[in-house]
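**Student:** Under full-length UniProt numbering, the residue at position 93 of the sequence shown is numbered 93, and the numbers go up by one with no gaps.
Don't read these hints as lab results, they were simulated from the structure. Among the hints, a few may not be true.
[Stated by the list, open to error] Taking CB as the label site, the calculated pair distances span:
hint, residue 1, residue 2, range
1, L50, F489, 37 to 45 Å
2, L46, L314, 18 to 26 Å
3, W237, Q461, 31 to 39 Å
4, K233, K329, 37 to 45 Å
[As the list claims (entries may be wrong)] Listed next, the in silico DSSO-like pairs over lysine-lysine satisfying Cα-Cα at most 27 Å (straight line):
hint, residue 1, residue 2
5, K82, K329
6, K82, K262
7, K229, K262
8, K244, K229
9, K156, K233
10, K244, K288
11, K241, K229
12, K288, K262
13, K467, K156
Heads up, the beta-carbon is just placed ideally off N, CA and C, and yes, glycines get one too.
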Amino acid sequence: CWEVRKRNSSEWCRFVRSNPDCRLEGGFLDYIEGVFCVFPPRLLPLAVTLYALWLLYLFIILGVTAEKFFCPNLSAISTNLKLSHNVAVPRVPVVFSLTSPLHGVTFLAFGNGAPDVFSAVVAFSNPRTAGLAIGAIFGAGVFVTTVVAGGIALVKPFTAASRPAVSVTAAPCWKSQGGVGTVVAVRGDPQPVQLSCPLTGEEYRPLLPTRETSLRILTTALSPLDYRKWRRKPWYWRVFKVFKVPVELVLLLTVPVVDPDKDDLNWKRPLNCLHVLTSPLLCVLTLKSGAYGLYQIQGIFPVWGLITLVGSVLAIIIFITTSNEEPPKYHCVFAFLGFLASAMWINAAATELVNILRTLGIIFQLSNTVLGLTLLAWGNSIGDTFSDLTMARQGYPRMAFSACFGGIIFNILVGVGLGCLLQMTSSQLVVKLEPDSLLVWILAGALGLSLVFSFVSVPAQCFQLGKAYGVCLILYYLAFLCVALLTEFRVIRLSA
Numbered sequence: 001c002w003e004v005r006k007r008n009s010s011e012w013c014r015f016v017r018s019n020p021d022c023r024l025e026g027g028f029l030d031y032i033e034g035v036f037c038v039f040p041p042r043l044l045p046l047a048v049t050l051y052a053l054w055l056l057y058l059f060i061i062l063g064v065t066a067e068k069f070f071c072p073n074l075s076a077i078s079t080n081l082k083l084s085h086n087v088a089v090p091r092v093p094v095v096f097s098l099t100s101p102l103h104g105v106t107f108l109a110f111g112n113g114a115p116d117v118f119s120a121v122v123a124f125s126n127p128r129t130a131g132l133a134i135g136a137i138f139g140a141g142v143f144v145t146t147v148v149a150g151g152i153a154l155v156k157p158f159t160a161a162s163r164p165a166v167s168v169t170a171a172p173c174w175k176s177q178g179g180v181g182t183v184v185a186v187r188g189d190p191q192p193v194q195l196s197c198p199l200t201g202e203e204y205r206p207l208l209p210t211r212e213t214s215l216r217i218l219t220t221a222l223s224p225l226d227y228r229k230w231r232r233k234p235w236y237w238r239v240f241k242v243f244k245v246p247v248e249l250v251l252l253l254t255v256p257v258v259d260p261d262k263d264d265l266n267w268k269r270p271l272n273c274l275h276v277l278t279s280p281l282l283c284v285l286t287l288k289s290g291a292y293g294l295y296q297i298q299g300i301f302p303v304w305g306l307i308t309l310v311g312s313v314l315a316i317i318i319f320i321t322t323s324n325e326e327p328p329k330y331h332c333v334f335a336f337l338g339f340l341a342s343a344m345w346i347n348a349a350a351t352e353l354v355n356i357l358r359t360l361g362i363i364f365q366l367s368n369t370v371l372g373l374t375l376l377a378w379g380n381s382i383g384d385t386f387s388d389l390t391m392a393r394q395g396y397p398r399m400a401f402s403a404c405f406g407g408i409i410f411n412i413l414v415g416v417g418l419g420c421l422l423q424m425t426s427s428q429l430v431v432k433l434e435p436d437s438l439l440v441w442i443l444a445g446a447l448g449l450s451l452v453f454s455f456v457s458v459p460a461q462c463f464q465l466g467k468a469y470g471v472c473l474i475l476y477y478l479a480f481l482c483v484a485l486l487t488e489f490r491v492i493r494l495s496a
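Construct all of the structure, not just a fragment, from the sequences and the given hints.
**Tutor:** The structure is reproduced here in structure tokens:
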């Protein structure tokens, strides 16, 4: 499909529609046909600008869904399964506990790595975009272990615990022969830290309990804004919140959230009854881009109609048999429903993300691998960067430093492994990548070399991680990025 830019602009649309390589797998929008058929050639810069803005918004959707809906439901599931939060702890700042020496390879690590893993699985579903997954996962690994780890050392120089620091870097170096991963250990004085993220803005509560009507409960639960908090925040926070409000409103309508830290477990009777209808409907309409939901049973009745009918009956039964004040005994089931619904949202957003990145690669004649190691890797690492640096500023640099390495083993082993497994079971037993062998080797080598550098330099500094160490890591990433881009543009290449 790359050949389209080499042809006359009058032939773009006909070439795209007749070339099977230009067909996107999954997704609700055909970005390639849109940019080459809907927009005239002279408006190509406008199309690219709109696609770039939509790309940024997709990253917002991924972040909001994972942080406020996916991870809290995983936390509730772990509580119902009676898993200790010392064992099940997400890297995103929802709930942290340092009472266990092992941290990073956990049940709720899936919560933090959900956008990366879903992006990888979607990319691996099509051999043409497999390089995007390789570039994103390895590129994010290099970014987090250099820029974010170096930023922590710059923001808050600290002394690393000797044995855990060695295991943080030695384990991934051992894994880097066939895929780089880490087993992270954190040791130190037990300092439980509670970092909570409000889901509905309920920051102020009345001193005396009051009985609310179902309508008031519904309108309050569906409000993504806390007006008192809105007045206190700076203008840039308000601007960003305005963009997030539509996403949060749709998610509140379709994804239930169970919060074990609240007295009522976040039971909102009218809204949860609505979720019984909207969540299953969301799942069937987003799975395989709506192919299952639009399927007609016996050619007469659509699946989405059956789901609507069954969901409405169940919602009415639950509404009649429950009360606003006390959650039912089966309320934990809503955590599993919310987990599934938020996973479908993340999968849908990841599919659109991969498709739009492939389209931008065709427009700018860039390989999927370099798009993955830059745009997709940066976008998926934004949340890690802010949360880890904030943690370091609050006086927990050891936790933040360990968190930089904790997600690598999960993202690489599960993201690449699951993606390859699904492709092999659905199509063929061999996973084929794009002919970017040198760039892929540079990616893997850069990640391994950055870990070797930390493995050697941290003990050499007597485990005193200061600004010099942080500057070296950031310079290393800039050098890696330059080499990768020079390789992409054939300035650096293997001799024939």
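**Student:** Hint by hint, note whether the structure agrees.
**Tutor:** So, going through the hints one by one against the coordinates:
1. L50 <-> F489: 37 to 45 Å: violated (26 Å)
2. L46 <-> L314: 18 to 26 Å: violated (47 Å)
3. W237 <-> Q461: 31 to 39 Å: holds (38 Å)
4. K233 <-> K329: 37 to 45 Å: holds (39 Å)
5. K82 <-> K329: Holds: K82 and K329 sit about 16 Å apart, inside 27 Å.
6. K82 <-> K262: Distance of about 17 Å is within 27 Å: holds.
7. K229 <-> K262: Roughly 20 Å between the alpha carbons, so the hint for K229 and K262 holds.
8. K244 <-> K229: At roughly 15 Å apart (the allowed maximum being 27 Å), K229 and K244 satisfy the hint.
9. K156 <-> K233: holds (25 Å)
10. K244 <-> K288: Roughly 26 Å between the alpha carbons, so the hint for K244 and K288 holds.
11. K241 <-> K229: With a Cα-Cα distance of about 11 Å, the restraint between K241 and K229 holds, given a limit of 27 Å.
12. K288 <-> K262: violated (36 Å)
13. K467 <-> K156: holds (9 Å)
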